[in-house]
Every structure is written in structure tokens, then in C-alpha cells.
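*Asks:* So you can see what is in the structure, the chains are spelled out below.
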Amino acid sequence: MEPLLLKNTDQPNSADLAEYQRIGGYRALKKALEMSPAEVIEEVVTSGLQGRGGAGFPTGKKWEFAVRATGSPKYLINNADEGEPGTFKDRYLMEKNPHLVIEGMVIASHALGAQKGYIYLRHEYPTAGARLERAMEEALNHGFLGDSICGTSVNFDLEIFRGAGAYICGEETALIDSMEGKRGQPRLKPPFPVNAGLWGKPTIVNNVETLACVPIIVDIGGAAFAEIGTPASPGPKLYCLSGSVNRPGLYEAPMGTSLRELIYEYAGGMRNGHRLKAVIPGGLSTPVLPAEATDCAMDFASLVEAGSALGSAGVIVMDDTVCMVRVARRAAHFYEVESCGKCVPCREGTGWLEKVLSRIENGNAEMKDLDLLQDISDAIYGNCFCPLGDSAAEVVSAIFKHFRGEFEAHVKNGVCDLEA
Amino acid sequence: MSEETKNITVAINGKEVEVSPKTTILRAAREAGYSIPSLCDYELLAPIGACRMCLVEVEGMQRLQTSCTLLPVNGMEVTTESDVLTKARRDVLELLLINHPLDCPFCDKSGECDLQDMVLKYGPSIGRYTEQKRNIPSSYEDPLLATNMERCIACERCVRMCDEVQGVSALTMVGRGEETRMEPFSLESWDCEYCGNCLPACPVGAILSTVQMHNYRPWQMNREVDTVCGHCGVGCQLVVQVRDEQIARIDSRTSLGINRGLLCSLGRFGHEYVGAEERLGSPMIRRDGELEECSWEEVIAFVADRLTAVKEQHGGEAIAGIASPRCSNEENYLFQKFLRVGCGSNSIDSLSRLGLAAARRVFEDLLGSGALANELSAIDACDGILVVGGDPTVVNPILGLSIRQAAGAGARVGILGRASGLDRVRAVSMAPGVERETAVLETLLAEVAKERGFSDERVEKAMDSLRETHRAPESPEEGLADLRDLLRSAATLAIVVGPELVQRPDGHRALAALAGLAHCLQARLYLQAEGANEQGLVDVGCEPDRLPGGIPVADQAHRQRLEGLWGGSVPVEPGLSLMEIIEAAGTKIRALYVMGENPVFKLPKSSLVRKALESLDLLVVQDIFLNETAKLAHVVLPAQAWTERDGTFTNIEHRIQRSPKAIAPRSGRADWQIVAEIAEAMGCPLAVAKVGEITQELATVSPLHAGLDAESLDDRGWLVRPPEERPPGESAAPPIALPLQEPTTNGVRLGVERLLFHAGTTSRHSPALLKICPEATAKLSVELASELDLEDGDRVRLSTAQGSVTVPVEIDASLTDHRVLLSNHFENAGVLGLLDYSLHPLTKAPALEASEVAITKVEAAEE
Amino acid sequence: MTLSTAALREIEMIRGKYPEPRSALIPALYIAEREFGWLSAAALLSLAEALDLPPALVRGTATFYHLYRHREMGRHLIQLCTNVSCMILGAEELQEMLKRKYGLVPGGTTEDGRFSLLIMECIGVCEGAPAMQIDTDLYQNLTEERLDEILSSYG
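Chains as they are written, first to last, in our numbering: chain C, 1 to 420; chain H, 421 to 1283; chain D, 1284 to 1438.
For the record, the hints were derived by calculation from the structure and aren't laboratory data.
A couple of the hints might just be wrong.
[Said to hold, decoys possible] Residues from chain D that face chain C, not an exhaustive set, calculated with beta carbons under 7 Å:
#1 P1302
#2 E1303
#3 S1306
#4 F1347
#5 Y1348
#6 H1349
#7 N1366
#8 M1370
#9 E1404
#10 C1405
#11 G1407
#12 C1409
#13 E1410
#14 A1412
#15 I1417
#16 T1419
A virtual CB, placed ideally from N, CA and C, is assigned to each residue, including glycine.
Only chain C is shown next, with the shape it has when bound in the complex (with noise of 0.2 Å):
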């Protein structure tokens, strides 16, 4: 297919206006300036879009809520806390196709009535966040963003907000009290933040890849968006195939591409000559697949039925040469670092796994110590605030499912399978 998100952003000066104009940016704009709040809103919800952060709630349904909502102003932000582990879409889109997105906030702004915009960054994007800021001075200067825009009554207000370093900022509620110079952690729902958000107003989070897409749609109609994919998951997808590849890197490909043909012929196949082992599809808080799963669509509903998630794409792929009690302490490492310390079982758990998994996977551990991962792990499932410590159990849970042999043998032979 076409790249409709990833369009011109082979060409160097891809981040341009005059280069994002001249192959048809922001006619988007102009055609939804014409076009009525509630008509953009109803292509939304015709294109069936879901959000593209990882939780895949339909964006047009989200949009409704927000327009109901009293209270004003309203804010919009673009969640670009790109922190899932194995994706780099979001940085891509705003590094290469800023005014894409751009555009998109705008088209969303005009359609929900949100007069202030706020892109949150994650600061290890410096070179996203300058592609960024030179964009919005572009379209400042050329009326697309700013006061009257493109010569209508449409005004809106964009700015930068840069986080700190926390993994749980991506969650909509830990991003907003991250802006309120909190500590980011999730907060208690309902309210949600369409209802009460930012400073305590309807405030409607959406991720970049999901704000790209608007634009797409306005473009090329909703109903022809829905074409593209399949129908429960509709729309171009971008992928972030990394790992054991010998392309790594980011492809556009309608939703429910199979696993396969990303990594055989989009990601150019197993480096190497290495076989296949397992593979993390959507980002390292989806639960791991073996190679026998690689048939799977990626889209939502299948990755679901397959035992994993889509999550944010960020497809991670593991070759025979990879340990997986390694790759498990490292996961189990990542949930301990980024647990926002918030509730009991996520808070103590994850570091009480990765003590574990180190144990085992430097041959320190007994065999009843395989037995207590797996209960740890249960502890900390189901009993969580948020969905981090869910993932952190779910994903060693996974990994210890499918590869136990490779646990046993490190408990066994005090080393790796793999060295010995």
C-alpha cells in the first residue's frame, strides 16, 4: 500500500511546510475548517479508528464523550511520552512528518471545541521535540496554528510541555498530574479526563500516531479509511520491528498485516540466518509469543485471541541466540525501574521478580524458586491500580510459560543453555 502516514518521509526535507504542502498538507485542515465540529467528528467515528497508544479505544467515541463534557476551556493533548520499549513510531512521525501531526491536533481541536493544546514530550526526544517547535513556528507564521486560523474563527494554541523521565507518564491520568507538577502517577477513575483533567478540566488525550491519522481521514474520507485494515481494526498501522532482524525499522502496513510478513518481507527476515525464537508483537508490556505464532494478524482482536496485545506495535524480535530468563530479568528490570510506587503488589513486586530472575539467571536459584516467580507474578496480577504491574506479571508469566525448559536449565546447569 501507499504510506499515508509515513508519505514523503523518505525525503530529506520531509519536515518542511513548503515539502509537507506541496504533496497535499494541511488541505486536510482547510477541508474540515469547512466542514462542521460535529461532521470531522462523525468521519472519526465512520474511519473507526482506535487509539494508537496501545489500549485501541475508539477515538471517535472518546471525541463524543468530550464534546458533551461541560466545563471550559477544554484541553487537548498529544501524548508523545513514547516510553514502551521497542517503539519509536511517535518519534519518527514527529521527527520526519511534524506537520502531520500538527495538522492533526489542529483538525482535533476544531472538532472538540479545545481552544489549548499541549504536545507532552518525553524528554529523551530533543531532535522530535526541535522538528517539533520549528513546525509550529511554521504554521504559526502561515496561519495553521495561532489565532484565526487559515482566516476563520478557529483559534488554537499549541504548545511544548517536556516530562522528565517516567514511563508511567504515558498513562493519560499520570501524564495530566505530571502537568500539574505532581509526582505522575495514575489517578483514581472516574473522573475521567474528558470529564475533569488538566487542571481539572474536560481534557481529551490522544496519542500522535492516533492525531496523525485524523488528517488521513478528513482527507480521504472516513468511510475509505475504514477500508484500509481490516473491519474490527481499520487504518494504515505503523510497526516498529526491532531485534533479530535484518531491517530494523518502521513500516506503514494496513492493520492486521501478519507477524510474518513483517518481519519476512517487511523487516528483511532473521539476521544472520538465525531461526526465529519468540517474539514481544506490541511493545514489552504485551505478553511474549513463540515462533508458532507468527501467523497472527496484528491488529487488536487477533493479537487478543493469540495470547498477546498490539500495544503500541513495537514489534521485538528474538532469534535462537537470545536468552529468555535475560530477556525476562531485563523486562522484569524495566517494571522495577518504572513502577511508580503507588500500590502494594506493583510497588514491591516487580523488584521482588527481577531479584528472583536474576537469581536464576546467574544460577543462583533452586527449583522451588521457579515455583515463587510464578507466584510472585500472580500476586501482583489482578491486585494492581494500573496496568503496569498487570504487564510486569503477565510478561514474565509469558516468557516462564513458553520457555520453561530455559529456566530449569539455568536453575539445572547454573549458566545458560545458550553459553554452555
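Given chain C, put chains H and D in place with the hints provided.
*Replies:* Same frame as chain C, but now just chains H and D:
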């Protein structure tokens, strides 16, 4: 406030219960008799759902739900105990315990630790964690609060308490993930209000008070007694825990009292004076210039003889009495009865003449007796609050908390003058200088009255006289418009009046203007009171012109009824008020009986007071310490302290609460008992054998107290309500301002500073309070300090025409004016004695002159 | 220890942008870091004063975020990602090399004060794994030799 409607039915463990839509399932279950374990939920705090112990099963919901955050919906079916839940709770506890030290044998919390209790109930019995536990050093640096953060379970209750309730935010969670722990900004000193409300909030032994640390185990307490705090006019309920007839600890319960378990530094840590070594032991009589110990028989006979002699020689009106806000209603009642019938004098007053007693009269004369009958809890429902005349967070800290909480809920707080404790929550503030505050109030009144008008002719007349003499500001003042808007826009306004106003030369006008504002805006008025029983002593008749129940002495019918009940005659003419008594000492007044008070230290112009008292034929001082006044006395009678005897106290909202005996007296006799014995010896039996009889008599004698039954008082007490609201006084006199002394160029004025960590002079005997606030300081602004070339810690001599004191300098960034502030708690370093005063003809309050003070730096060698 | 007038002005400007001044805290912490080098207690205290916030709140927020400098650091900050995608391709071996050759442990600083090391949880450059950032420069497809080479270019 109306009770929330309970219109939702849920089934908890199969039992159908009706609950209100805002009651969480955790609380609803508790009400229904099912206790769900929880660690992060706390009565006064918004739920956060963090500890995951309170998980329940809900029919139709796949995941377990935290009941502390779960709101009911009709037909919801909840299960609070099951195998699944037991496993989930055991799992959570196992995770909690991996980093929790198993040091129960020497943890102070052991025996009252929530975590310990839960582990006992749900397990696990063995730990499987073999790694290194989290290592966070303990801190014992702070004078009062110790942390042992290895025990911390990060429930955030202390942090939320400090932030949401106390409004101080001295504590925070620091770090992230496994490293998350609570810390104050600096471990060396918490730099907080030392309310200690974080102590009962901590479910484990992570925060402990060094006052009690390692002294006892909870189960070693002999008993616990619920009582009312004796430090200020709010009347907080607290729990006295007794071991070996000593107060081992002051605790609190969120279920207790109007304070809902919240206390201030004085309430929680200010009790040690009760057990102080320096308490008076035996009675003393001055012989050859020295106070000598004697027996009770001897001293009672001595006082009775001397009082009888004065009475015979000079008439009963030559005897005067000073009552005490630290004494109970019963003691004050009996004291005034003794003076009136036993001695034949109406000259009975108290130091509340500098505070509530005088201010209250201005409001009641103008607005009627119901004007001040407002419950503290109603502040929560106000959307506008005007604070004037003192910082409620210092004078009456728990009242201050109500204001902070109301502000948190959206009320706009306006401050006229200085109230630093409300700085964080104020919407509007105006500090035109003390000399200008009255004019501001009058301007506000003029503007508000123009719009709203007066519905009462008398009020209007009084206000007219204010208006005629009002000095309007020459130019618009900063903040005035905002303050006016706050007053006008509030649907329900509260006006909180501090004790400073009535002590000012133009205080009467200020109070009258506030009465006018309250009238026009239908505001709820609250008077702050430094003493615990200021309201009570007024109600029971410790005023020269009022009998018990607030009936004027001039009311012949009532007086005669009283005489019948008391079996003795009461003088027809009102007696002398406080300062009149002092001024007449040695002339018209020959004998003075001071009960639980210290006028030499706590009145202005101490040189005059001292001289006056020295010229008396008889000065009797009844107290628990040999204070400045007792040192001058002919007779010293050791009394009993708070918690050592029964009685009732009336708080600023007119709530009568019991203060039962909790410990055996260290020494002395109950104030009422001493008074009764002296009366008996004078041949005027007061016919009481125990406190309850006095309460009963009070209920018979005073219409205000009709129906009071001390035995049946619970922690909510009994609200005094005028049986029929008395109309305003016959002649509400036009407000009078005494001439203000114009400051000379560059003259520095001396002002009174109230301290959060001290109350009266008893706090001198409380080591814990002295640790956090050891000495008096001269507070001055950054500008003034640089003008005078002074630095923090420099010692200065403050001299006025009345005398001088030497204290260290403390520069206070919140001060802006050309004043130096000094407190009135520390020996040889009190501010009041340095001030001059004029007697206000109407309020009879000593109006403190803003005396000029000379400040000289003192080198160490000079001292 | 006080913030410069320019920094105070900048903080004031940021504060004015938000309906609740506390929102200025996250950006203002970067300013304090720039002013003082790292977020010492004194730095946090002066920031609290500038923002009129309780110092404890400032500290609570600051310590939650890992990218602030919570201790004194070397002249250059190495942010090495060792998360799964990078780990698969040798990031942990790079970390090991930094320890072996430079004595550099996570959170630590080299003896000569040249480098500090922060282990990152995915810096979003997985297609160029293993990747790292030194100050604001991004490096991809690292090997031990390349890492050595790169470090030698920093003074």
C-alpha cells in the same frame, strides 16, 4: 448540614443495606458490621486505592475491586470475605512484608499496628524473600518526630494528612518504585506545625513521637480517658492514655469530637506540665516577707480570717476575684458565687476582658445574644471567609484548619491584617497596618450598607454614628476592592474575629463595624479565644455586671430569685472590671483572690500591676505553679491541673464538654474544693460535696444551662442555646475609639506576637514544646533588620517606658511593617508588661498602646 | 544559593502560562538544574521559594523523575539504553565494558569527572540498537570499539 440521603441499596455478604451514593463500599460495609482490612484508607482523607488490601468481589465484575474507591450502585452485590479474597490479601501482605523489617519486638507500634493485625489474620506465616531488604536510615534528628522508613508501607496517609487536612505539605513521598518513601524536606528538622496528626495516621511504626518513644508498650496503659483539651477555646476532644497515674500519651480518634481527631502541637505535645516537678506542692503563707509552707487547715483558716477581716473593715466590695479560663464552668461558677454571696462583692472578672468577654459584648449588644451561636462545623459550608484581628491557625489552630479546609473546598478567604498561617489558602489579603484596619472595615461597611441596607433600626443608628466619624481613605487602597467583592459575592459568609481587635484603642469601632457587616451580609460570626473556657466563665457569671446565665446584675427579679436559691444576698451594683480592680488595688480594693491566673505577667504595664498587687492587704493566688503573681502573694494555694479533676468547659461555639478526671492529682486540691472550704470556714457554706452537684446547681440557677446534665455528655457535648434569644442591649452605645497615639518619625512600635507552640505560661513547663520553640524572640522584618543592622540571633534589648527585656532577634520574611513583635509566654521576656494601656470606657478592655520601643544590640559580655 | 535574575524571570514567565502555578514545576526544575548543575537541597529550596511552593512538594516531584540530575555529575552524561531491543544486540556488554574500562557504574561518574552514566529504559531508537545519547548527541548501532572511539572524542 443535612444528613445525606441514603437511597441506594446494595447487598454486602448477602445483607441488604441502604447507603448514600457517596459512601464507599468500604465504609458502607463497616457500617453494616463487616470490617474490610485496609491500610491506605483513612477517615479524613480522600481514597487513593493504593494498598490493595480492601479488595472485594463484586457480582458481575471480573476483577477484584478496591472497596475504598468503589461507590455503590443500586443492586450491587459485594462479598467481603472469600477464599479468593483471603489469597489476594495474603499475597499483598507477603509483598508488603518483603521490605518491612520484622522488628515487632522492639517497634513502638507493636500492639496497635494495623499491619501486624492484618498479618495475624491473613498471613503469610513464613516469608520467602531471601534478598536484601530495603535499607533506609532512621532519623532521630528532629526534636519531636522520628522516622523509621524501613517500616514505611508508603500508604501516604501522613503525607495526605499533612497536605489535604493540615494544609502544610511539610511531608512528601520521595523517589519512585521500590525506593518510594515518605520524607519531610529535611530530616534534621521537619519545619512543620508539629500538629502530630501524622502520628495516628501512620498505620505502622514508621513515624513516632520521640516524646513517648521506647517508654511503654500500648498494652501497658492503665486506662484511656476521652477528654477535652485545656489549651484553647476550640475544645478539641482527645484521649489521655494513663500509665502509673501519669499521662503517658495524648492520642486522638477521627471519630471523636468536633475536631475529628485532629489536634495541634499544644494538644498533642503540650501536656507535660501536668506532671512537672515544679508543680506547687503544699500551701504557703507569707511570713516575714517569705512564703512558707503550711498545712491546708492552717491556710484555709488564714484566708477565711483575712477575707472576713477585710469584709468587716472595708465592706464586701473591697474584695475582688479574678477567675480563670483554665478552670471549669463549675469552678468558675462556684468562685463567683463565693465572691458574690460569701464576700458580698460583684468585682469578679477575668483576663478574658482582654479578649472574648469584651469583644462578645460588643456583638451581643448590637446584634443580640444569638449572634455568636455558630457551630464551627458550619465553616465548611461557607463560600467566603473574612479573617481579621489575629491568625486563627495560631490562636485556635483547629478553627484555622476548618478555614483551610473550607478554602480547599472552594471558599474564598480574605485576610485583613496578618494571618501567615492562611497565606497558602487566601484569595485576598490586605495589610494596611494595624492603625488603618478599622478604617478599612468602616469603608467596607459603608459600601456594603449602601447596597444592602440595615433591617434593624438600632443597628442602623449605631452604624450611623460610625459613619459620621469615619475617616474615609484618601486614595483607593490596594486590596480593598477585592475584599469587598469577596464579601459581596459570598452566598454564605463567615467572619472570624481574632483577639487583637478588642485590645486596640479603636477596637470597639472595628468590632462595631464587623457587627454591621455581619448584620448586612447575614454572616456567621466566630470569635477566637485564647483561653479554654473564656466562653464558659462568662456564661457562669464571672463578669462584674452579669450573673450566671448572662443576666444583668441590675435585673432585680432575677437577682432576687438567685438570692433565694443561693440563700444570701447579692450586691445590687455591678462590681469593678479587671483593670478597674487592678487600678483600685490598695484603695477601694483591699483583697484580691486570683484563681488560676497570672495578671502580673499577662496584663499590660506590669510595673503598675505589680505595684498595685503589692499594696493589697491580701493577695491570694491559687495555681499549679509559682508564677509571677503567686510570687507576690500573701497566700499560695496549690490547685489541681487539667485531667486531675472533673468539670465541664464551654468552647467558643458554646459547646459544653466534659473534662473528666483521668489521673490521680500530683498535688493540690481542686479549685472548687478550695473555694468551698474557704467559704465554709467563713461561715458561708456553699453546700457542695462533689463537682456534679455544682453542675446541677448551675443548670437550676442559669437559664443558659437549663437542661445540662454533665453525666450524659458524650464527645459531642451539649450546645448552650439561649432559651429565648435576648434582644440586643437597651442602649447599644455608639462605638467609641480612644485617641490613637500618632507614631513619631521612624519610631518602631512594639506588637504582640502569638506563638503556635505556646499557650499562656503553662507551656513553659512542657519540655516537648520547649524543644521546638525554646525562647522568646524579637521578630522583625527584613527591612527593619537591615535598617537597624541586626542579624538573626543578635541579642537586643527592647525598652519601653514600662521596662525592658533582652531577647534574640529573629528576622521574619512575612513581616512588612515597622514593628517588632514579641510573644508573651517566656519568663522575663513577655511583651505585655512592656506595653502601656488606656481603659476603654465601654468594653472595659485595656486598649494596648502601640508603644514605641527602643532597640539596642547587646553584646554577650554585657549580659 | 539563589537563582539568577534571568532564571527567575524565566520561571515567572512559565508560571504565568498556566492556570495553576505548580504546573511550572517540571520545566522550572530544568532551569534550576541548569543554574546549579544539579538538584541539591539548596537548589530545590531556592526553587521552592521562587515558585512559592512548599519545599517538600518540590522535592517530592523532583525525585520522582529520573532524568533530573539528582547528584553531581560528570562533564558529559552518557545515557545508554539497555532495554530488550538494545540488550539483544549487546547493550549489556557495552555497560559491562564501561565498568571494566572506565570504572563507570549506573548512576556513577568516572574518577576524572568526564562521564556520568545513566542506564536508560528505551530511548526510542530501537531500529538503531544498541543506542545511546551523550548529552544531546545520539549514537546508534554501537559496538565496543565504536563506543570507545566515541568516548575518546569527548573531553
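*Asks:* Does each hint fit the structure? Answer for all of them.
*Replies:* Now for the hints, and whether the structure bears them out:
no.	hint	result
1	P1302	holds (5 Å)
2	E1303	holds (6 Å)
3	S1306	holds (5 Å)
4	F1347	holds (4 Å)
5	Y1348	holds (3 Å)
6	H1349	holds (4 Å)
7	N1366	holds (4 Å)
8	M1370	holds (5 Å)
9	E1404	holds (5 Å)
10	C1405	holds (4 Å)
11	G1407	holds (4 Å)
12	C1409	holds (4 Å)
13	E1410	holds (4 Å)
14	A1412	holds (6 Å)
15	I1417	violated (12 Å)
16	T1419	holds (5 Å)
In this structure, the one hint that does not hold is number 15.
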